[in-house]
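Just add 256 to the spot in the sequence shown (first one is 1) and you have our numbering.
Careful, some of the hints might be misleading.
Unchecked claim - Calculated pairs, DSS-like style, for lysine-lysine (alpha carbon to alpha carbon, straight line, at most 25 Å):
(1) K430 - K267
(2) K430 - K441
(3) K430 - K385
(4) K441 - K414
(5) K385 - K326
As the list claims (entries may be wrong) - Now the in silico label distances, taken between C-beta atoms and shown as ranges:
(6) A328 - E471: 32 to 38 Å
(7) D411 - G467: 17 to 23 Å
(8) K264 - K430: 23 to 29 Å
Bear in mind the hints are in silico, worked out from the structure with no lab data behind them. By construction, the Cβ of each residue, glycine as well, lies at the ideal position given by its N, Cα and C atoms.
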Amino acid sequence: MPAYPETKLTKALRGGDFPVIVSLARHDLDLARAALGAGAFALKVHLNAYHRATGTTFGSYAQERPFFEKLATLDVPLLVMAGQENVPSAQEMDELADLGFEGFNVYISDMQPHLLQSKLRPMPALGEKNTDEELRKIRAIPGAMMEASVAAFADYGKPLNETDLARYSEITTKAGIPVIAPSQKNFTPEDMPKLKAAGIAAPLLGVIVTGTTPESMEAAVRLIVESARRSAR
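I would like the entire structure built from these sequences, with the hints used as guidance.
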């Protein structure tokens, strides 16, 4: 397995800084700049995927590379959701690393062996129906961090509740590694201290929270970043 470097992002995740990560609703530099202008710490993009929350289809590495090259000029931590049935080749994973990407995720059920040989730190996702066995598989990957994508699709966009927080707390306790929580539920500024108390290392804000315009992105992310910074103290 590769030896993954400790970066500004991994140090923040391990150190309790509670950094806000933003997943872009579409591959648009104006959206990226709005997120960063509002205080986002890192950005996440997608490959080879149909994004259920937006209805957006993200293409292959070859198709998306021109955008990634532009995104890399922003000089911020970058993560990539690598795909579902289709994922980048070993060479493409190395090219992503050369562009400045530092981590990737797929659902643990979609993990392919060559992905774990790349330079990108694995951050596999635990899905709604995954069990402790899948969680143990993630824990067993050297250097891994984790995404807890455990909400039912029927519940997307609903308010975060105590059942969700209890599930996150159970996962973070069992995982023992940094766990990122994507906003499948409609995260609000008031939810940030609750997520932090549940052991979440970082919120990952997607379209349910950010909307699809630079204006909605800036407005939503700014308030959540302010709350997250207070929660990290």
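We went through each hint and held it up to the structure:
| no. | hint | in the structure |
| --- | --- | --- |
| 1 | K430 - K267 | 21 Å, holds |
| 2 | K430 - K441 | 22 Å, holds |
| 3 | K430 - K385 | 16 Å, holds |
| 4 | K441 - K414 | 5 Å, holds |
| 5 | K385 - K326 | 36 Å, violated |
| 6 | A328 - E471: 32 to 38 Å | 25 Å, violated |
| 7 | D411 - G467: 17 to 23 Å | 19 Å, holds |
| 8 | K264 - K430: 23 to 29 Å | 27 Å, holds |
In the structure shown, a violation is registered for the earlier hints numbered 5 and 6, in ascending order.
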